[in-house]
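Residue numbers (my numbering), protein chains in the order written: chain H, 1499 to 1660; chain V, 1499 to 1660; chain G, 1499 to 1660; chain R, 1499 to 1660.
One should not assume that every hint holds.
No distinction is drawn between identical chains; accordingly, a pair holds when it is met within one copy or between any pair of copies.
[To be verified] Computed list of lysine to any residue pairs in SDA-like fashion (alpha-carbon distance at most 20 Å, straight line):
1. Lys1603 <-> Ala1540
2. Lys1603 <-> Leu1635
3. Lys1656 <-> Pro1646
4. Lys1656 <-> Ala1540
FYI, nobody ran anything at the bench for these hints, they're computed from the structure. Just so we're clear, the structure is a prediction, and the values are computed from it rather than from any experiment.
4 protein chains.
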Amino acid sequence: MRRSLVRTVAAAAAALLLVRRGKSAARADPRSEHGAPSPSAAWSSEVSLELVRAKAEAFAIERAWTQFHSPRNVLLAMVAEVGELSEIFQWRGECRPNLPSWHAKDRVHLGEELSDVLIYLVRLSDRCGVDLSAAVLRKFSMNARKYPVGRAYGTSKKYNAL
Amino acid sequence: MRRSLVRTVAAAAAALLLVRRGKSAARADPRSEHGAPSPSAAWSSEVSLELVRAKAEAFAIERAWTQFHSPRNVLLAMVAEVGELSEIFQWRGECRPNLPSWHAKDRVHLGEELSDVLIYLVRLSDRCGVDLSAAVLRKFSMNARKYPVGRAYGTSKKYNAL
Amino acid sequence: MRRSLVRTVAAAAAALLLVRRGKSAARADPRSEHGAPSPSAAWSSEVSLELVRAKAEAFAIERAWTQFHSPRNVLLAMVAEVGELSEIFQWRGECRPNLPSWHAKDRVHLGEELSDVLIYLVRLSDRCGVDLSAAVLRKFSMNARKYPVGRAYGTSKKYNAL
Amino acid sequence: MRRSLVRTVAAAAAALLLVRRGKSAARADPRSEHGAPSPSAAWSSEVSLELVRAKAEAFAIERAWTQFHSPRNVLLAMVAEVGELSEIFQWRGECRPNLPSWHAKDRVHLGEELSDVLIYLVRLSDRCGVDLSAAVLRKFSMNARKYPVGRAYGTSKKYNAL
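Could you build the full structure based on these sequences and the hints that come with them?
Here's what the structure looks like:
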């Protein structure tokens, strides 16, 4: 347990550094179309992917739903939730960051649909035996190699067209 | 910082309890079609949603990509990744939990696509000003009310048909 | 065969009337945000849904692919194509009708991805035993009842909120 | 008009030939997992993509909805419908061709969701200035070159892995 605490503190510190680095870089970025990159508020840091995984698993087991949670069933359930998320955005035209013109009710609804996608995504990973925590850290490293800052700066081109 | 540590420990303990509760429930569940609900391995617990958020934000800022990350742009990028995830499953027919027959290479690829969806989902939440950490906990509570164990046990019916 | 010809001519005439009605209504519409509803060019009228169905079926049979075309396999293949279609639009921000600023190459690519979605959609219908030709006419009638012109005029609200 | 009739008859004849060719190939296919490729019933042949396009356009114009039908709005509406389609399949496990075990009510619902995807797909093409009729014929030709019968026979591999 002690080592795990140390790792947690280390991770939290890393996250703080990332945010801080992000913010100073933001100040220096003269090109951002949507105004200065908004100083995104940090989220409540104690919700881990593992907590979401364990909650989703417990939810299913308590209801005897594991039988329905084959990988492709859960994948299709996730696609259905992506559809509900898209529906919220479908007739709005382009939306500004932080959705300043949205009603509170719509923002709450948005949070619910984002959460539904997350829950099924995490559940899908779990049912496939994939440790999403490890996979996502690995993917960030891969992406950093695919999109080196020098060549990717300020362009939305795909890595194979850089 | 000390309070945050206490909260982290509390959350970790809650997660452990959830898993434990899940497992004992699992043993008692006689109906699971796919064999006894697999004792899902816990994931590396130090990856929080906030860490993913901060990393995705830093990645974008370092490359001056914030200008491209309007909510609907990121949403469509996520839909594109859901497509790549679906492509992995498309010709396989039904897949067993933990994908025992898959090649190691395909499992790694799967982890990458799951991660891409996660990264854009978290980024979308962030660009919309939604605290996904808070939203997902709230959604689990909602779901528990929508699907009370007594009525939802063993059925895949939608809440409005229970 | 003669009756079928008569029906084809009748359908073509109906389509012409629809377009014409559409265009005169367009002239009278003072509110359209994107300029006068563009006088959409009619498409080559001889491509029926049945032709697409028969071509997709023949393509699969010639390659002994029917074995792979279970309903959910084809559905996931379609979701994958929807992802590729979304990718074309993901970093562009809002796009004007007829995509005046797009390169010819991108428009051709767009036509290919739209076609891929169509082919799998038609194939999915066929593998499910659904006559999509009949279903779509029926759906237009349903939609007309759900969205009566009087109440739906000029609003993007959902039918249950009209 | 006479030339168009001739073309319509020619297209219908071509479709018949395709189906016939398909069926004889089907008889010779010994490997199909889902039984002999089902002799798919032909659909009502008079519904052309152009008819769907014209009806969708007229529907929008009559309700002054053209203002909402920007390409990305319609794309997201289509993604939402793909989600509703996926929801029908999500908890069912693998489904057999023609869905023999489904209730009549569910099959009707399926036809409605397939139609909704079709209508938005056609509408998206129209709003993008893409002639989907021409594009789909072109795509079938491309696919035939990408997947030559000799190399693609009996395998679900992607063209770049053949």
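Verification of the supplied hints:
no.	hint	verdict
1	Lys1603 <-> Ala1540	neither (22 Å within a copy, 35 Å between copies)
2	Lys1603 <-> Leu1635	between (34 Å within a copy, 18 Å between copies)
3	Lys1656 <-> Pro1646	within (12 Å within a copy, 29 Å between copies)
4	Lys1656 <-> Ala1540	neither (29 Å within a copy, 34 Å between copies)
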